[in-house]
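Enquirer: Take a look at the letters that make up each chain.
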Amino acid sequence: MRHIISILMENESGALSRVAGLFSARGYNIESLTVAPTEDPTLSRMTLVTRGDEAIIEQITKQLNKLVEVVKLLDLSDGPHIEREIMMIKLKADNGRREEVFRLVDIFRGKVVDVTESTFVVELTGKSAKLDAFIKAANEDSIVEVVRSGPLGIARGSKGLKL
Amino acid sequence: MQPLRLWEVVVVELSGAEIVIQCLKEEGVEYIFGYPGGAVLHIYDALFKQNDVKHILVRHEQGATHAADGYARSNGKPGVALVTSGPGATNAVTGIATAYMDSIPMVVLTGQVPSPFIGSDAFQEVDTVGITRPCVKHNFLIKDVRDIASTFRKAFYLATSGRPGPVVIDIPKDVTDPNIKIPFSYPKKIKMRSYNPVAKGHLGQIKKAVDLMLAAEKPVFYTGGGVILDNADKELVELVQMLGFPITSTLMGLGAYPGTDKQFIGMLGMHGTYEANMAMHETDTLIAVGARFDDRVTGQIAQFCPNATIIHIDIDPSSISKNVRVDIPIVGPVKSVLGDMLQVLKDGKQIPGSDAISKWWKQIEEWRGKRCLKYDQNSGIIKPQFAVETLYRVTKGDAFVASDVGQHQMFAAQFYRFDKPRRWINSGGLGTMGFGLPAGMGIQLAHPKAEVAVITGEASIQMCIQELATCKQYNLPLKILLLNNGYMGMVRQWQEFFYDGRYSHSYVDSLPDFVKLAESFGHVGMKIEKPGELEGAMQEAFAMKDRLVFMDVVVDPTENVYPMIEAGKGHHEMHMSPGSELV
Ligand SMILES: Cc1cc2nc3c(=O)[nH]c(=O)nc-3n(C[C@H](O)[C@H](O)[C@H](O)COP(=O)(O)OP(=O)(O)OC[C@H]3O[C@@H](n4cnc5c(N)ncnc54)[C@H](O)[C@@H]3O)c2cc1C
Ligand SMILES: Cc1ncc(C[n+]2csc(CCOP(=O)(O)OP(=O)(O)O)c2C)c(N)n1
Ligand SMILES: [Mg+2]
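Protein chains in written order, with the working numbering: chain A, 1 to 163; chain B, 1 to 583.
Isolated chain A (complex conformation):
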């Protein structure tokens, strides 16, 4: 099963490599990982997407918790949560294709954020599946470049991942 795990950790150099090292050393798979500082400058928050059966996910969360720099951890998949990913995609926009791109951006509620004579940059936010769908819908040979953030997540309701 796919799990999305949020981690609060000490904002120290080396903390990220401990997490990455753990995944490679123990052979866990890692689909995406994003990390940035939080409102508290001593903490960073990481969102990590991984896959595995129940026993593996249990080990992953235990091993992550064991890292000295990990302060708190939440498996968002355990409850209702919101997940968003941002994508920027550069598409060829030569004459014949401009209309088609606009139509697609409209359907997916994206935004065109850069235009040149021959290309558009489209910004799109949503669940990862929506971004996948956009890529699929766009004509393969009109894609110049894709960059995705990896998903971010937050639990629904009043509960928060805080100290």
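Think of the hints as simulated: they come from the structure by calculation, not from any bench. Here a beta-carbon is modelled for each residue, glycine too, at the ideal position from N, C-alpha and C. Wrong hints could be hidden among the right ones.
To give a feel for the contact side, a few chain A residues facing chain B, derived at Cβ under 8 Å [as the list claims (entries may be wrong)]:
1. A25
2. I57
3. E58
4. V68
5. K92
Based on these hints, arrange chain B with the ligands on the given structure of chain A.
Expert: Leaving out everything else, chain B with the ligands in the frame of chain A:
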């Protein structure tokens, strides 16, 4: 003249190097095992100017880490090593990984190139924090002289609390600059918001476990290194004897429960006893205490304890249900959890003197009656088992025994029946050949009056043989018992069993004359070839209280370790000694 104000009197200004030494004093460190080099010269200079922390100069950095490790295993205090940057640090890695696998508290100080040079491929630069990351409990790179004291405090706390383990502190040379002095004070307490080891087990779970134990018909205690690490042997003995259940131990737990007591049914696992492994196979209630379900113990998981409800006490949640699904997990320190179990029992639970338990013991005695460890007593050539039994007699079962890795290690575990914890010191998790001799040095320093034996093989001993010089320099009167079978016996055994006797590179050719070798280091050497000479020679060796004696004992080159469960087989599928009644 102005009178001095109080704070001017108490505030001492120290350089980084002096702070390093001061921190070690604050932590009560007696010995530091080390080897100098460019990046740690400031620290060595500070060491030179004091006498409280004694430095033991090893002959290879691997020896420093194993010696610190042996020191820690034998007395429970953290071991400390000091090595230089680059090759000093890489040489130490094997010892760090060895300690990590067996959860041994250790603090290793590594020199690093000056901070402005980090990342420039400077002379003797390696990324020590990166290299050691997967084999430490935690590691630090100190970037500022003002961080030394708090980092040391954290390092010692991390190494010794919770599930213990080695911690590396990487110290760039400029941080120890003798010309930069700052006020020093050592933090009394340290709080780490991200690290809070559990102090007590969950009482509800503990009660549930006790109920289950009392209802058991075929219970077995399976105990491990965690009991020794937590000094919980007294609680264990009381509980096991109160309940009257059989108890088996892993290689790492030997001695926590007296090996000569009738309730002890021997080690379990790959080279465990028939009775212990059969009991595991048949048990209905397994009580795992500070043990981590290693694959040498479980064999094939699908066949592991097929009928049992499993209770598991461990301080590390990640040990629980890692390899084997557990029914009643109890996260907490062994000592406190066993203490709580005793309390629950004393608070009025009836211990049934049940028929079922007597029936269970009858079955176990039947298994025990097969005498699975029997070997040829009339052999004209010394059997390694006989050598260990002789050592047991000569030392009255009371020596500290360090071991290397191989058949001799298994014979030591099977035939030296340890009655006390911290007496059996070996590398179980990593299985590091070369561990025994330097570990013995650490043990002897921690216990200057005690008899310390090193059981080794002719292959293993050559991996850290240079430490014989260290033993000479510091008068460490170890008694080395080399079970010389001319083979990497453990490898040869696997090749005999699983590769049709193709002994590929397991014959140890061109051996040195160990007697002369020992003598050239200034020690006493003995060669012993006949069973009849063994006991006398050992008596003589141990009578030389202040000499290291190297006993080169020529043993049967073809002897194998039995019983043996092949990797991936079940507990009931053991290979038995050809002479045994079980074949
Ligand atoms: C050649 C060779 C053959 C071997 N054959 C065998 C064999 O036949 N049988 C065998 O048993 N082993 C054998 N081993 C050793 C094996 O590889 C493992 O090292 C060993 O089984 C692990 O022992 P353990 O489970 O006691 O774990 P340890 O490594 O000692 O781990 C201790 C456990 O206790 C926990 N713990 C630590 N502190 C505390 C505390 N305060 N409170 C609670 N829990 C705590 C830890 O989290 C950990 O889970 C062999 C090794 C070699 C080299
Ligand atoms: C550093 C290291 N290299 C290789 C091994 C693999 N190994 C395990 S036991 C063994 C043979 C040990 O031979 P010896 O020391 O003579 O002991 P014996 O088995 O003969 O008693 C080897 C090579 C190891 N455990 N450690
Ligand atoms: Mg040998």
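Enquirer: Are the hints correct? Go through all of them and say.
Expert: Hint check:
1. A25: holds (5 Å)
2. I57: Result: violated, 12 Å to nearest chain B Cβ.
3. E58: holds (7 Å)
4. V68: For A/V68, the interface hint holds, since the closest Cβ of chain B sits about 5 Å away, which is under 8 Å.
5. K92: violated (41 Å)
The structure fails hints 2, 5 (numbered hints given earlier, in ascending order).
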